[in-house]
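Chain G is already provided as a structure; the job is to place chain X on it using the hints.
Protein chains: 2
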Amino acid sequence: MAEPLFRRLAIIGLGLIGSSIARAARGSIAAEVVASDRSQAVLDRVTELGLADRAEIDPARAVDGADLVILCAPVGAFASLAEAIAPHLAPGAILSDVGSTKRSVLRDVGPLVPDGVHFVPAHPLAGTEYSGPDAGFATLFEGRWALLTPPPGTDPGAVERVAEFWRRMGSMVSVMEPAHHDRVLAMVSHLPHLLAFTICGTADDLADETRQQVLQFAASGFRDFTRIAASDPDMWRDVFLNNRDALLEMLARFTEDAQAMARAVRWGDAGYIEDKIERGRKIRRSLIEIKQA
Amino acid sequence: MAEPLFRRLAIIGLGLIGSSIARAARGSIAAEVVASDRSQAVLDRVTELGLADRAEIDPARAVDGADLVILCAPVGAFASLAEAIAPHLAPGAILSDVGSTKRSVLRDVGPLVPDGVHFVPAHPLAGTEYSGPDAGFATLFEGRWALLTPPPGTDPGAVERVAEFWRRMGSMVSVMEPAHHDRVLAMVSHLPHLLAFTICGTADDLADETRQQVLQFAASGFRDFTRIAASDPDMWRDVFLNNRDALLEMLARFTEDAQAMARAVRWGDAGYIEDKIERGRKIRRSLIEIKQA
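Protein chains in written order, with this note's numbering: chain G, 1 to 293; chain X, 1 to 293.
Excised from the complex, chain G in its bound form:
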């Protein structure tokens, strides 16, 4: 077994992602895992499940002496969390996170990082529709991408240690510019979730009798949408609010395209509709070819 990469890992936020990191990292990747969560109930559950060596409700105590700190709370909590822990970060420690929006993390956390602490934001592209410490599992990150968005001038050694951390979790690693990350993720993840949440609301607004049948006869298309829509509300509220510009841009592009499709349906433009459907199939085939499907 490889030498642990870190002596002490502090995980702030023990939801699906944080608890999966704890399960996968404890012992082999980090010699010691300290868990912190704003919820005592979550920490009690983490202790019951034996996911960490120590549980601390106070994030400042949790990061004390840690050589790797990973923020796993919803991104909207990052500014106040960074403020709370910054004075307590050990010199030479690495501060990272798993947030789905990277410009906001640079903006909210970056200015608070003390000299001598390495700031290496990251985003593992993994998740399920379940939430909380019971939902995590050690293999969540296997075969998935972890995107790193270090600010200019970050110590390459620290970036490499975070990259190695994710490789040992089974992930593929790529370094990316934060604004580019936010645009790509707005398209492949944030917009699909916004559409899924929205269509559930649209269905919910139908008259009572119809709604019952919407549920009763839910065909496969709608079932997939509701699966996406079951994801954690706090996390997604924060993602939408913290990737506003890219998300609104992608939604505007999508809305134009949906209106063009509506026009084709209204006027019976079969060729246009076929072309759009074929493009969907093409993207699907590409996904299968690059083994992401």
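Calculated directly from the structure, the hints in this document are not laboratory data.
It is possible that some hints are incorrect.
Stated by the list, open to error - Under 7 Å between C-beta atoms, here's a sample of chain G residues computed to sit facing chain X:
{"#": "1", "residue": "5"}
{"#": "2", "residue": "113"}
{"#": "3", "residue": "204"}
{"#": "4", "residue": "214"}
{"#": "5", "residue": "215"}
{"#": "6", "residue": "228"}
{"#": "7", "residue": "230"}
{"#": "8", "residue": "233"}
{"#": "9", "residue": "241"}
{"#": "10", "residue": "261"}
{"#": "11", "residue": "263"}
{"#": "12", "residue": "267"}
{"#": "13", "residue": "268"}
{"#": "14", "residue": "271"}
Stated by the list, open to error - Not close to chain G: a few residues of chain X, all C-beta gaps over 10 Å, as computed:
{"#": "15", "residue": "143"}
{"#": "16", "residue": "155"}
{"#": "17", "residue": "158"}
Said to hold, decoys possible - Ranges of calculated distance between the beta carbons of each label pair, as one might list FRET restraints:
{"#": "18", "chain 1": "X", "residue 1": "271", "chain 2": "G", "residue 2": "266", "range": "47 to 53 Å"}
{"#": "19", "chain 1": "X", "residue 1": "143", "chain 2": "G", "residue 2": "252", "range": "39 to 45 Å"}
{"#": "20", "chain 1": "G", "residue 1": "143", "chain 2": "X", "residue 2": "28", "range": "22 to 28 Å"}
As the structure is a prediction and not an experimental result, all values here were calculated from the model.
Don't be surprised by glycine CBs; every beta carbon is placed ideally from N, CA and C.
Just chain X, lined up with the frame of chain G:
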């Protein structure tokens, strides 16, 4: 084993649905299965796979002497198919279909049904993203709904035989008014597919570099969308064109809701966003409770 319900079943169109019916019905539910498809290649494959007792390129010959005929082609082909087979339908035969749009089937097929032939349109809510005779499987309809939309005055005995046909396929059966069917299906199936096709096109329009990364980093949200979007183009083109009014109404409702969500994102209305996400979760929970998820 129960006595076969029909002596001779003619299936017109041997794609995913038609070939699944052939696999499930042959022998036990229908003593003899005759397959017809406009494509000789499909019929050759049906023969190779041993899915039917006889293959006929001419649908008029296929329906000859059949006591149950099921149209399994894309709904846009129903009018010309009905014209071709109508004079050849046996007295007392039942004419049914599996089309996803029921008002159009009543409109296109209904007037052509000869006296003495029973017309019982049906729609099994089942499918996958794969197409063609190789994609079918005998258990496709198990535990899924089959919706029957017989026109007023249809012989109750004929409706019951079609209901029993689908029950023997493992389906749950419900009788529904065609316009109501089309609205419910527009919401739970047609609109989700339109959105899925559209978002794939929107992604495809991104700049080349970004598109590569859209594919490379496709997160789970987008993967689910592309799975939906891989469905059969001819079938979906016809569904959109033949459920125009209901689909455009649901799309208009959805677009209003998406614009309201966009406004909430732009103005940072966290409460609104949380409410919409919670409604998505609520619908998801309802789906799980009624065991459709």
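Hints, one by one, checked against the model:
1. Annotation: residue 5 of chain G was flagged as interfacial toward chain X, and the flag is violated, the nearest CB pair being 24 Å apart, outside 7 Å.
2. Nearest Cβ of chain X to the Cβ of residue 113 of chain G: about 25 Å, over the 7 Å cut. The hint is violated.
3. A hinted interface residue such as residue 204 of chain G counts as satisfied when its beta carbon comes closer than 7 Å to some beta carbon of chain X; here the least separation is about 5 Å, so the hint holds.
4. A hinted interface residue such as residue 214 of chain G counts as satisfied when its beta carbon comes closer than 7 Å to some beta carbon of chain X; here the least separation is about 5 Å, so the hint holds.
5. For the restraint placing residue 215 of chain G at the interface with chain X, the shortest Cβ-Cβ distance is roughly 5 Å, inside the 7 Å limit, so the hint holds.
6. Annotation: interface hint on residue 228 of chain G holds; nearest CB of chain X at approximately 5 Å, less than 7 Å.
7. For residue 230 of chain G, the shortest C-beta to C-beta distance to chain X is roughly 4 Å, which falls under 7 Å, so the interface hint holds.
8. Taking 7 Å as the C-beta contact cut-off toward chain X, the hint placing residue 233 of chain G at the interface holds, the least distance being around 4 Å.
9. Here the hint on residue 241 of chain G is kept, as its CB sits about 6 Å from the closest CB of chain X, short of 7 Å.
10. Taking 7 Å as the C-beta cut-off, the interface hint given for residue 261 of chain G holds, the closest approach to chain X being about 5 Å.
11. With a cut of 7 Å, the hint placing residue 263 of chain G at the interface with chain X is violated, because the nearest CB-to-CB distance is about 10 Å.
12. At a threshold of 7 Å, the smallest CB-CB gap from residue 267 of chain G to chain X is about 10 Å, leaving the interface hint violated.
13. For residue 268 of chain G, the suggested interface contact is upheld, since its CB lies about 6 Å from the closest CB of chain X, less than 7 Å.
14. Against a cut-off of 7 Å between C-beta atoms, the interface hint on residue 271 of chain G is violated, since the closest Cβ of chain X lies about 9 Å away.
15. Residue placement check: residue 143 of chain X keeps its beta carbon more than 10 Å from all beta carbons of chain G (closest about 13 Å).
16. Distance check on residue 155 of chain X: its Cβ is at least 25 Å (rounded) from any Cβ of chain G, clearing the 10 Å threshold; non-interface status holds.
17. Every Cβ of chain G is farther than 10 Å from the Cβ of residue 158 of chain X; the closest lies at roughly 23 Å, confirming the non-interface assignment.
18. Between residue 271 of chain X and residue 266 of chain G the beta carbon distance is about 35 Å. The supplied range of 47 to 53 Å is therefore violated.
19. Distance hint for residue 143 of chain X and residue 252 of chain G: a CB-CB separation of about 41 Å, consistent with the stated range 39 to 45 Å.
20. The hinted range of 22 to 28 Å is not satisfied by residue 143 of chain G and residue 28 of chain X, whose Cβ atoms lie roughly 43 Å apart.
The structure does not agree with the numbered hints 1, 2, 11, 12, 14, 18 and 20 stated previously, though it agrees with the rest.
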